[in-house]
Amino acid sequence: MNAPFRTPRRRSGAGIDNLVVVDKVCRHFGGRKALLTRVAAPVVRAVDGVSFSVRRGTCFAIVGESGSGKSSLARLVVGLLRPTAGDVTIDGTSLSALDPKGLRALRRKVQLVLQDPRASLDPRMTTFDTLAEALTVHGLHREPAARAARIDAVIGMVGLSAAHLARYPHELSGGQRQRVAIARAIICEPEILVLDEPVSALDVSVQAQIINLLAELQARLALTYIVITHDLALVAHMADAVGVMYLGRFVEQGDVEEVCGAPRHPYTRSLMAIAKPAATTGDARSALLEGSIPSPLAIPSGCSFHTRCPLARELAAEGLPSSDTPDGRLPRLCVEETPVLHPAPGGRSAASCHFADQRLPIQNS
Amino acid sequence: MSLAQDMATDAPPLATRVVVAPSRRRWTLLRRVLAQPKGAIGLILVVLYLLLAILGPMLAPQDAFRQNFAQTLRPPSAAHWFGTDQLGRDVFSRVLVGARATLGIGVGGVAVAFLIGVPLGILAAWRRGWVEALLMRAIDIMLSFPDIVFALAVVAILGANTQNVIIAVGVVAVPVFARTARAVTLSILAEPYIEGSAALGASPARIILRHVQPNIAGTLLTLSTLLFASTLLSASGLGFLGLGTQPPYPEWGTMLGESRSYIRSHPYLATFPGLFLAGSALAFNLLGEALRVIYDPTSRRTSRRAPLFAFLRRRSAKPPAGPLDADSADRNAVSVKALRMAFRTRDGLLDVVRGVDLAIRPGRTLALVGESGSGKSTLLRAIGTLANPQEVAITDGAIGIGGESALGLSAVALRELRRRKIGVVFQDAASALNPVLTIGAQLAEAVRAGCGLDDEAVRQRCIDLLKDVRIADPERRLAMYPHQFSGGMKQRIVIAIALAQDPQVLLADEPTSALDVTIQQQILVLLREIQETRGMAMLLVTHDLSLVSRFADDVAVMYAGRIVESGEVATVLERPLHPYALALRASAPGGAESRGQPLRSIPGEPPLVGEFPDGCAFRPRCPRNQGRPECAECEPEPRAIAGRQVACLFAEEGLS
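The listed protein sequences derive, respectively, from chains A and B. Following the working numbering from start to finish, the first sequence increments by one per residue and tops out at 1112. Following the working numbering from start to finish, the second sequence increments by one per residue and tops out at 876.
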């Protein structure tokens, strides 16, 4: 690959099959004073020390609710945002070592597919123009004949036909638009696709088509996926590894079988309970989390999940040393001390909960 | 199923539409301008004025500069159509010759403003930070001077001639262009496709040229035509003050200025240049208006407004309030019989709900499941008596709410029915609440409607309602505004408002799809509890089959305006008999069980309203169809099989 990177800095520690390495990356917003204003904007810690790595050809899923920082994390990986601290390494190249031009060249390797294809395609460009632009930007297939051939090949790969090339986005259906967005992402032969909620804006009966298409393309083109979603059922279906994000941090991460099969963090457990198709109407209540995700402007002390944690309430009631907080009586450890990621016994996943291996009795029933 | 097969039926609905050939694209703008009366008149006038500017001096019957002191200030006559001026010059000839200078100032001034203002605006929007702050403050300062004073200053510095007038009126209009360009650029830059393009690796210059510029061009073009008129006025103002085009060269504004001494004795002297000036401003304004309509994205949708005299037709289209089946009406909180609804469009009525029967008993929740275009939300609005008769016509059937017919009522009776019996919760809680009123005020309004409670009782009732929806500290919350609540809390407040009049029927249209998964559960659990304790009937419209099993008693699956399968949740979801319901259930990712295998996807996409296939509407996507002629012949009617209603001719195949 003739990648024109300035300093191809190889990291000695990173294994060659770790295509993406995210190392303690942070992204804070605000905190700077604007011109002619007296008070600095409050700091939002959107991403706060996240580390993970993605092996070549696998799929890593980032799961979280709105406000968890999952979209910021995706943009850090693509290089659309610069980290406040930490580093992202793609195929041995550190993103922080690249200038804007080098970063743009790197984008050939890392492509982003956004949630809503209605909005992510320029309304004034036909499918052909949209795909041709990607080639122009990276200077690929300059001759018109080669360009047309490449576009034809890619449009076939995503299950559309030449008839769709002359259409504008509003002349396509939702599923077709998402296929065009995927075609645009793969036309420059990237190695990594970052998929931001790839199916959640689509009709239910179309979602499965797109999920199948993504799986087919991954196998055919040996792609590495980073999927951002709130849907744990989708994660369990297509991901190999997963990170569950809450207020800018991973509360649990590891192999998908471990995290989804035997979740250890109370937050993951309740997400899993929601995702499982329940046979009866009764058991939804046990999975219920109280309150909503706190504002990233005011992240709770200690374990940031303590304001909603059902396990903490349970433990406080069982007589653990506790204190009274605005959110009820909670174990002192949860309120005061920030938990670190504890590896699970097998070492294939880790959860940042002081009481990761204590189960809620009601969830066992 | 292979992907190719998947897609085979994917294209049709849109493929049948005209594909705009690139060569015709150029003329679409012209055609759309001409399609509007304003645009056609404006365009013709503008073309005439431009011809006048080009050909004016050639057309002039007399020398516009020749003075004739024997014939000064003559009224219009055969020899001098517009009369003569104070120096005996032919006014008609002067008007014709002056067109070039006048329109030159207008077009030139706008061009100057455009070329300076637009790049500044885009720069400010792109760079943000101190560049934007500096530019915008500078422009604010410019705006704080009256236009004419500013132009006067420029001309005074540069000297009075036509070229400097163009610069002066151009500079005056720079702030308008810069501010508009900045605003529209900012909004375009916020579009996801800009981010998509950046993620592709496009350079900033490319993003501006390829994506921003074409998308802001419409707005700026429109602004240019609108500003043309005001530029002409500024220029003629300068001319009026003697700082415009210098004599003896004619220019309409200057001619107006010269005629001011004779305005009482010889009014026609000012009349003709004035008329031409006003006419040109009008021409460009009309054209600008037409362009604005074209580029305004909201005007692009086909109007669903009722055509003129639609109210006459609506009467005839509306069925007589059908007598409801007496005993079922008593038992059912909601009963819908053979309901048909259609969107009113310019091309006539488009069927959207096509013969729906459903019933909800008190204390039960019916989940109505469907995709976009299935008609589920339209149906919910009809049951809620909220369907706008201007947009949707109920063409047949009956709706009963708590035993009363909801059709054929007067506006007052309808409001009363809605108030007493129906509560509605929509998807987007944020827009359902008025941002400038407190929660207390909005709740109180709902509580007070139609009953004579005193203030203290109303307040107490509001507090009780907030308690019902599990909002802690209700007394304090009453004084808060919607923006102080999270999305989930807002939805609770919307539910409280819906409950204010103790409705018998609660209609919830995708009440949680805008919320996070954990909040979604909270809201649905809450709705379910409230519904159970109050013994209400609930209609839950959703596209998410996984919610149905937990939160509903009965389910109705809707496709292309018809209910294809309905019955008790346990029966239907255990083993759906309609191929669509079956496929919906099977296509959801099943977590670990489905790993490594493709999902069983449904080929194609749901049909759009107005493009429903004839016969069984699911036919083109149906695995059971396989060219069976029966499926194409008639629409299958629901029939009772294995404890539920299924509208499929071959439903029994699902049992084996």
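If you're looking for bench data, these hints aren't it; they were derived computationally from the structure. All residues carry an ideal CB built from backbone N, CA and C; glycine is no exception. Be aware that a few hints might be false.
Stated by the list, open to error - A few chain A residues facing chain B, derived, Cβ under 8 Å:
| # | residue |
| --- | --- |
| 1 | ARG854 |
| 2 | GLN858 |
| 3 | ALA866 |
| 4 | HIS885 |
| 5 | LEU887 |
| 6 | GLU890 |
| 7 | ALA955 |
| 8 | GLN956 |
| 9 | ALA962 |
Said to hold, decoys possible - The calculated lysine to aspartate or glutamate pairs, modelled on EDC-like cross-linking and capped at a C-alpha distance of 20 Å, are:
| # | chain 1 | residue 1 | chain 2 | residue 2 |
| --- | --- | --- | --- | --- |
| 10 | B | LYS557 | B | GLU415 |
| 11 | B | LYS687 | B | GLU665 |
| 12 | A | LYS848 | B | GLU415 |
| 13 | A | LYS856 | A | ASP764 |
| 14 | B | LYS557 | B | GLU665 |
| 15 | B | LYS687 | A | GLU938 |
| 16 | A | LYS856 | A | ASP846 |
| 17 | A | LYS856 | B | GLU415 |
| 18 | A | LYS848 | A | GLU938 |
| 19 | B | LYS687 | A | GLU1037 |
| 20 | B | LYS557 | B | ASP567 |
| 21 | B | LYS557 | B | ASP571 |
Cross-check of the supplied hints:
Interface restraint check: A:ARG854 against chain B, minimum CB-CB distance 3 Å, threshold 8 Å, status holds. A distance limit of 8 Å between C-beta atoms decides the matter here; for A:GLN858 the minimum to chain B is near 7 Å, and the interface restraint holds. Proximity of A:ALA866 to chain B holds as hinted, the smallest CB-CB distance being about 4 Å (cut-off 8 Å). Given hint, A:HIS885 at the interface with chain B, holds; its Cβ is 6 Å from that chain's nearest Cβ, closer than 8 Å.
Hint status for A:LEU887: violated, given a least beta-carbon distance of 11 Å to chain B, over 8 Å. The interface hint given for A:GLU890 is broken, as the beta carbon of that residue sits about 20 Å from the closest beta carbon of chain B, more than 8 Å. A distance limit of 8 Å between C-beta atoms decides the matter here; for A:ALA955 the minimum to chain B is near 4 Å, and the interface restraint holds. A least Cβ separation of about 4 Å between A:GLN956 and chain B falls short of the 8 Å threshold, and the interface hint therefore holds.
For the restraint placing A:ALA962 at the interface with chain B, the shortest Cβ-Cβ distance is roughly 6 Å, inside the 8 Å limit, so the hint holds. At most 20 Å may separate the alpha-carbon atoms for a hinted pair to count; B:LYS557 and B:GLU415 exceed this at roughly 49 Å. For the hint pairing B:LYS687 with B:GLU665, the CA-to-CA distance comes to about 18 Å; that is within 20 Å, so the pair holds. About 16 Å separates the Cα atoms of A:LYS848 and B:GLU415, which keeps this hinted pair within 20 Å; it holds.
Restraint check for A:LYS856 and A:ASP764: the C-alpha separation of about 15 Å stays at or below 20 Å, so the hint holds. About 34 Å separates the Cα atoms of B:LYS557 and B:GLU665, which puts this hinted pair outside 20 Å; it is violated. Taking the CA atoms of B:LYS687 and A:GLU938, the gap is near 53 Å; set against the 20 Å cutoff, the hint is violated. Straight-line distance between C-alpha atoms of A:LYS856 and A:ASP846 comes to about 16 Å, which keeps the hinted pair within the 20 Å bound.
About 16 Å separates the Cα atoms of A:LYS856 and B:GLU415, which keeps this hinted pair within 20 Å; it holds. For a cut-off of 20 Å, the pair hint linking A:LYS848 to A:GLU938 stands: about 19 Å separates their Cα positions. Distance check on the hinted pair: B:LYS687 and A:GLU1037 sit about 15 Å apart at the alpha-carbon level, within 20 Å; holds. Our distance criterion of 20 Å between C-alpha atoms is broken by B:LYS557 and B:ASP567, whose separation comes to about 27 Å.
A threshold of 20 Å between alpha carbons decides the hint, and for B:LYS557 with B:ASP571 the separation of about 16 Å falls inside it, so the pair holds.
In this structure, the earlier hints numbered 5, 6, 10, 14, 15, 20 are contradicted, and the remaining ones agree with it.
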